[in-house]
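Each chain, written out:
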Amino acid sequence: MNEIPVFFLHGLAYAGLLFLVSAGLTLVFGMMNVLNFAHAAMYMLGAYFSYSIMMHFTGQFWLSLMVCPAILFIIGALIERFLLRRVHKFGHVQELLLTFGLAYIITELVKWYWGNYPLAVNIGGFLGSTIQIIGITYPVYRIFIFLCAIFVGTVMALILYKTRLGIILRAAVNDSEMTNTLGVNVPLVFMGVFAFGAALSGFAGVIAGPLLSTFPGMAQEILLDAFVVIVVGGFGSLGGAVVASLLIGQLQSFGVLLFPKLSIALVYLLMAVVLIIKPSGLFGEEQ
Amino acid sequence: MSDYLHIQNIHKDFSGLKVLTGVEFKVKEKERHAVIGPNGAGKTTLFNIISGKFKPSSGAILFKGQDISGKPPHVLNRLGLSRSFQITNVFQELSVFNNILAGVRSHYGLRYHFFKKPDRDRNICERVEAIIDEVGLMDVKDQPANSLSYGKQRALEIGITLSTEPELILLDEPTAGMTREETNQAIKMINQVTAGRTLIIIEHDMEVVFSLANTISVLHYGTILVSDTPEKIRNDQRVKDAYMGEG
Amino acid sequence: MKQKNTSFIIIALFLAGAFMPLILKQYHLNMLTEIIIFALFAVSYNLLLGYAGLLSFGHAMFFGLGAFMTAVAIIHIPGLALWNAILIGVVTTIIAGFVIGSLLLRHKGAYFALLTLAFNALFYAVATKWHSVTGGDDGLSITRPDLSLGFTSISMASLTHFYYLTLIIVGAAIVFCWYFTHTAMGKTVLLMRENEERMKFLGYNTNISRLLLFTFTGAVAGLAGSFYTLHFQFVSISAISVDMTTAVLLMAFVGGTKTFWGPILGAFVYIILQNYLSNITDRWPLFMGFIFVSMVLFIPGGLSEVIMNIRQRLFGKKDNNGGKSAASEEV
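Chains as they are written, first to last, in this note's numbering: chain R, -13 to 273; chain L, 41 to 287; chain Z, 153 to 483.
Keep in mind the hints are simulated off the structure, nothing from the lab.
Check before you lean on any hint, since a few could be wrong.
Claimed, not checked - Just a few of them, taken from the derived set where beta-carbon distance is under 10 Å, the chain Z residues facing chain L:
hint, residue
1, Lys156
2, Met308
3, Leu343
4, Arg350
Virtual Cβ for every residue (Gly too), placed ideally from N, Cα, C.
Please take these sequences and the hints and turn them into a complete structure.
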């Protein structure tokens, strides 16, 4: 069997998942200047909720793909309104500490409720089957992940750059006080952005379930790759997240093929090189 | 003989917006040079470039014959160039003494030492006290900067600027926001503490300019309109137009 | 607090520490040794967080590196002297701190937090994969070498002997960290947090300052890690994991980042809570998590802030800075 196309497609699928996770992270960072360490924990919650839903209503993948992001949206809104907003006035370090603490609590709660072992999510139907593509047999689900990422990325770009809402969002970033006096409810906008980021992470979590296994360490695993994505792509840059996700997806995939022992180090090596050459990331603005 | 400070054809644009378009003037050693000009003429940008906060888009700054343009602020400071800020930029939570100490010990090379305590060095402490005395803050020596009156914070700002023993001092609107009386005191103090050094000052207040400077450069729309003695500037038609035209 | 008083307190603490082996049972002496080691780790962490305002999520990489290097050195170099085992741990962390620090020095705030976490994860991944050297999940077991003083040799098999060594060496390192906060470099770090821009215009190279501080705190953490290995006579990948960073963050934050002694108190509280809570429930990390988040929300100054407030109320004594900030000129 020809390995290169397979690994290429694997890379694309992982890139899709990485983008779904890092897009929410970079959106919240770009808009609110908050680096959300709990983002991956919420992604993990999405995966676990999805597991429970699919256990309860056998194989209802589409249901869980809609319900889980909604639940995470509400959780995100509550976190922003009652926790994050409280510590905002104490400054950045406090915000980071809060999200870090929340990630810690969520992980412990997950271990308590679902147990400290991997759970498998099986997906049936067409999504669980394989198709013939570029001369090889390939799982439909991995292609589905990539298409989901393209869909989400396109919708986000359209909202940000083509709608009135997008104008308000970008204005709120540049000068929140001014936007506030212009009659836009900036706190509400921020709450919405944070909740949307959470929903996106939940969406990614549902998607990740059938691909990777669902276990308490999954948050930290993806968080680090997502961090590398936003360091390489540039903080707060959606376009950068796209390019960096593709880059790291392929690097991970072919890394396993070519240097099985070094595959983790490759990603960090890329990060270190970018840090030395362009500390603000490939698409980040200089200072 | 080469000039003490020669600003050579400095350009600066911020993502397309041209703020400085070929600034050119010279400052002699021990000169007291004022840069004036209407709001938005680029005075503070020029200062930020001379002091190393920004890099110029093009052009050179020759300080005693050496091109210093684009060098980082800490290097310029060690070459003997020190600046004050228009918006008070002190260490708010620290006492006046410790504010001045930060600069004095830097001048004495006690910046990164892992063993020496700077406040145990008698020479350094004496110098700190002398500077506090010069800027008239002896009575509030141990008070934190954020508890001082506005006028005293401005004096502290100048004290910090002096604390690294600069030979070239740049003051950015040192009397901005002061009452007439405070301004008069400040002029007197600045005249004393900068005696024997080269001074470049940005100022709006014409009275301050004429009482401090012996040479004036007029910055208008990103370029130097004229550079001359106060008497000549006072009667220069172009300056009158530039100023009066805009009120 | 005036410095004279502080010196008095330091001497009193050392004397009290010297009597502990006479009073405490082995189990508690063990715990006290652990507390002293983690106190140093937490103090070094707080020089970054409380003094320089740099939130690092990667401090365990230095702790773990020191711990592993000491273990690896003892295993692979027969007859290695105790001092050299510690020295190898510390020197390696100095080099690592300098290299990583040079990559990070331009970054602050969220960027710094994220990058330190990423580097910590890299160290963890390498330690996990490099099974032949680090023992991977199984860890490494060692036997403490004896302490050679030239004319005589002291057996380190006894916990009491090792406790005294820890008290003297690690205690001295904590005192040096305290002293450091009063030195030129220590003050430079504080001033940079207050107003980095002005420091640049006063002739300070703030990037170099950050690099020096990062390397220094890394080396101190490495020393703590080295003693951690010697104490447990065992090291596993948990010493270099992000969980270890979380532990030190909890210690520093719960104790209070705004005073020098807060993290020491934090290490004390954390180790004791860990020992007792883990006996009562498997869910003790969850409790720690809730304690941490409530403190972030309600008492950002940690326990030391609570104590300062109580003291102020009881004695009406007003400390110059009332625990407001580590930037206070005397802590």
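Here is how each hint holds up against the structure:
1. For lysine 156 of chain Z, the suggested interface contact is broken, since its CB lies about 14 Å from the closest CB of chain L, more than 10 Å.
2. Taking 10 Å as the C-beta contact cut-off toward chain L, the hint placing methionine 308 of chain Z at the interface is violated, the least distance being around 30 Å.
3. Below 10 Å, beta-carbon pairs count as interface contacts, and leucine 343 of chain Z has one with chain L at about 5 Å; its hint therefore holds.
4. At about 5 Å, the closest approach between the beta carbon of arginine 350 of chain Z and any beta carbon in chain L falls short of 10 Å, and the interface hint on this residue holds.
Of the numbered hints stated above, those contradicted by the structure are hints 1, 2, listed in ascending order.
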